[in-house]
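Colleague: Here is what each chain is made of, one letter per residue.
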Amino acid sequence: MEFTLNQIAAILQGKVEGDGDQIVNRLDKIQDGQPGGISFLANEKYEQFIYETGSTAVIVSDKFKPSKPISCSLIRVKNAYTGFTQLLEAYAQLTKTSKVGIEQPSYFDTSSTQGDGAYRAAFSYVGKNCTIGKEVKIYPHVSIGDNVKIGDHTIIHAGVKICNSTIIGSYCEIHPGAVIGSDGFGFAPQEDGSYKTIPQIGNVIIEDHVSIGANTTIDCATMGSTLIKKGAKIDNLVQIAHNVVVGEHTVIASQTGISGSSEIGNHCVIAGQAGIVGHIKIADRTTIGAKTGISRNVTTPGKTLFGLIAFDIKDFLKSYSIFKNLPQLQDRIKELEKKQ
Amino acid sequence: MEFTLNQIAAILQGKVEGDGDQIVNRLDKIQDGQPGGISFLANEKYEQFIYETGSTAVIVSDKFKPSKPISCSLIRVKNAYTGFTQLLEAYAQLTKTSKVGIEQPSYFDTSSTQGDGAYRAAFSYVGKNCTIGKEVKIYPHVSIGDNVKIGDHTIIHAGVKICNSTIIGSYCEIHPGAVIGSDGFGFAPQEDGSYKTIPQIGNVIIEDHVSIGANTTIDCATMGSTLIKKGAKIDNLVQIAHNVVVGEHTVIASQTGISGSSEIGNHCVIAGQAGIVGHIKIADRTTIGAKTGISRNVTTPGKTLFGLIAFDIKDFLKSYSIFKNLPQLQDRIKELEKKQ
Amino acid sequence: MEFTLNQIAAILQGKVEGDGDQIVNRLDKIQDGQPGGISFLANEKYEQFIYETGSTAVIVSDKFKPSKPISCSLIRVKNAYTGFTQLLEAYAQLTKTSKVGIEQPSYFDTSSTQGDGAYRAAFSYVGKNCTIGKEVKIYPHVSIGDNVKIGDHTIIHAGVKICNSTIIGSYCEIHPGAVIGSDGFGFAPQEDGSYKTIPQIGNVIIEDHVSIGANTTIDCATMGSTLIKKGAKIDNLVQIAHNVVVGEHTVIASQTGISGSSEIGNHCVIAGQAGIVGHIKIADRTTIGAKTGISRNVTTPGKTLFGLIAFDIKDFLKSYSIFKNLPQLQDRIKELEKKQ
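Protein chains in written order, with this note's numbering: chain A, 1116 to 1455; chain B, 1116 to 1455; chain C, 1116 to 1455.
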């Protein structure tokens, strides 16, 4: 997509300094700017770059006074950072939601329905009795099973697999390769040491405004529902086991795993590669550090936990700093023993 | 699928108390029961819920005597839990194996064969010289390379990729997005500091009754075979490297990684996010804790190991409880030093 | 593919001892050799196997003198190991690059171009304005977005998803299910405790001779590019976040995660399940142990680091060996306290 500087200034209610007919088709970092790109300068620390940038234009504040000659054009706005994020959002919106129509071949069972503004890519698959809302975008190689419901304005990226009976809200985004509703990992040990599969007949419910990362897996419930509450943001390669509940506006970073039937509160922040055992509850506003293992209930809201078997992060760091010096500590004990 | 209570009672050899023509189409937890669902009551602790449940019917024991009025219908059977699991299995069976036939467009090389009772979804792909057994279900976007063999009654879920020369047994289930037979991670360092790819020409053999989780990856052997023995159950997002052997009826939880050429014994249980280095052997019936790292052979069967560099779990927990109190321990040493 | 021993001897510039018209169609380990296979003997330790192997033929050195009768044929070459790897490479090359042509149905936007020697499998998808080089192989269920560039001789395996504006070099190999260019995990906290999606408008650049493992995820940059430099080798299920830079000829093992904007130097080796926080730099030739967490800049090249919060591996191992004996250490302190 190409825009003239005049068009962009109109969108941002700003003023062009330079040739308003110049065309840009890309947003650049100011330090990496190249012709055809537009950048912004909001932080004084980056001022030097505006004198060197190759960008065609830079968005700056009303009040910006250059201290040296500038070779690029300027678009002056009230707040350069806000202006730029407006542009970012407009750009992302255009890119993601501009797709409309049904590409062929695609598979859509006649018992299913999809609302207006649909995009269904070639090689997308929708099974029986599905109800898909308005403005839903379904990318290539998406597989949607039977009896699935998807709300309005949700984007399902390439290669996502959504299993039978999953319910997904509105304004969600499911990133490429994610698997929603695969069987929970449930096996009953038999007397001969083998395992029998426990049928997994529940589903997954994902509420509105949820983001699910690339190649993340969310298992269906054994019975009932695995539940991802509204506004939760889940990164790539995360494992959510059967019957887990993830609270509202909780953020879970990459490669974290949550075991079966655990309930994570609202507004929690879980860093990367953390692990949470099954059948526990984590209070609201808990922060869990990277690589941290949580092995029991967290009942007090607002704590920050860290460690292989987690405890309070400040206490952990004190213990860990002594751990690093254990050889010296041991030497001091030897010394004491000698002097007895 | 819809059933009357009379039909269900006939399946379970039980008796209906209430209107046997009522229809149910769903299995519910008793505490979450809604009209149209059927639940069970096996554990006395849950008795209160039978007086409140919205379920249309509840499966109870012959001997159950309500202490209050009940508004739902009952199906009385010998053992309520057994009855319910029978129902669960029948339900899961119906859902998973009811698919039959070939949807179009699908790709099936003319040199390959598939037995009776086949389901091949639209957009499934089967390469050259494959031999696929009876009652095998192949879901959408499954990619099967050349020279692959698959036994009877195996289910290959959506988006699974099975690379050339893989052999999969009977009654296996491969969950969505799993990759079977990708190249092992083998690179020979060159004098200039670059790496040369070591060709990976082996395959993967998966024996009968194996379950492979969603988005799990199993690499082919450099030469020979990566081997998953019968009855092994592998969860989501697990990494099995080239030439690994996973023993019979061994269970591996999510996000665990097993490095090249290691051999895991039979009846082992490996918790989530564990890691096992390459070229070692783990004895039968070993239990490995969550987030545990195994860096050397485990020769005695039946041990339970834990820790970043694992040792006996009881010893680990003793050390870790002192680790938590290292600041106090350090204070005691300071105290002793002062008093000298 | 079948070859006579005479054909193989010709390729390797060696001599056959035995029937040169015998046919082999497989490379076997000498200890597992079966008729129809060819093996090699390079290491004296394996000599015993040549007297027992079922292989049709074994590649041996010019100088090899059997100490017992041998039932298989021999191909004598200067260096048996080199000869065998030549054969391995030829075999792998044939298997992987023999695919040519366009299978149907496949989707290829008319605005995109692909060079000579193309393979595009059934159900492959290529969006708008893509430029794809010569001898590029695109397997089933590969999804390529808009404005993607791919160099010559690159192999894109089954089910790979390549998002808009990704640039991939020549001689790369992207293994099944990998996701390249998914949105970075960026959300701005709002006053009401919810999160707003930060548009991710950058891309991913992958230079020449890079290998990306199965189901690995590489996020696009928020702005600018996530960059994987030439010769880097990345294993399965690795997470590379937005704006990360991975240096030349750096090797990253399975299930490692690298957080946003971190820069990994050249010739680094990162073991499995390691984690690196965001916004740090790792010097060239750093070795990072398995399960290790890196929480700050590594400025000195060539170090080896280990631990949950990493430090020098030798120091870590000293501390850890004392950690294992903390109960005894505590007893010694008690003993000292008693004796005061």
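Please note: incorrect hints may appear among the correct ones.
One copy or two, it doesn't matter: identical chains are merged, so the pair holds either way.
Computed cross-link-like contacts, EDC-like style, restricted to lysine to aspartate or glutamate with a CA-CA straight-line distance of at most 20 Å [what the hints assert, rightly or not]: (1) K1454 to E1117; (2) K1311 to D1267; (3) K1439 to D1147; (4) K1183 to E1167.
Hints listed in this document are in silico derivations from the structure and should not be mistaken for laboratory results. Quantities reported herein were computed from a predicted structural model and do not represent experimental measurements.
Colleague: Taking the hints in turn, state whether each one holds.
Modeller: Against the structure, the hints come out as follows:
For the homomeric pair K1454 and E1117, neither the shortest alpha-carbon distance inside one copy (81 Å) nor that between copies (79 Å) is at most 20 Å. In this assembly of identical chains, the alpha carbons of K1311 and D1267 lie at most 20 Å apart only when taken from different copies (18 Å versus 40 Å within one copy). Proximity of K1439 and D1147 under a CA criterion of 20 Å is satisfied in neither setting, with 41 Å inside one chain copy and 47 Å between copies. When the C-alpha separation of K1183 and E1167 is checked against a cutoff of 20 Å, the pair qualifies only within one copy, where the shortest distance is 10 Å, while the shortest distance between copies is 77 Å.
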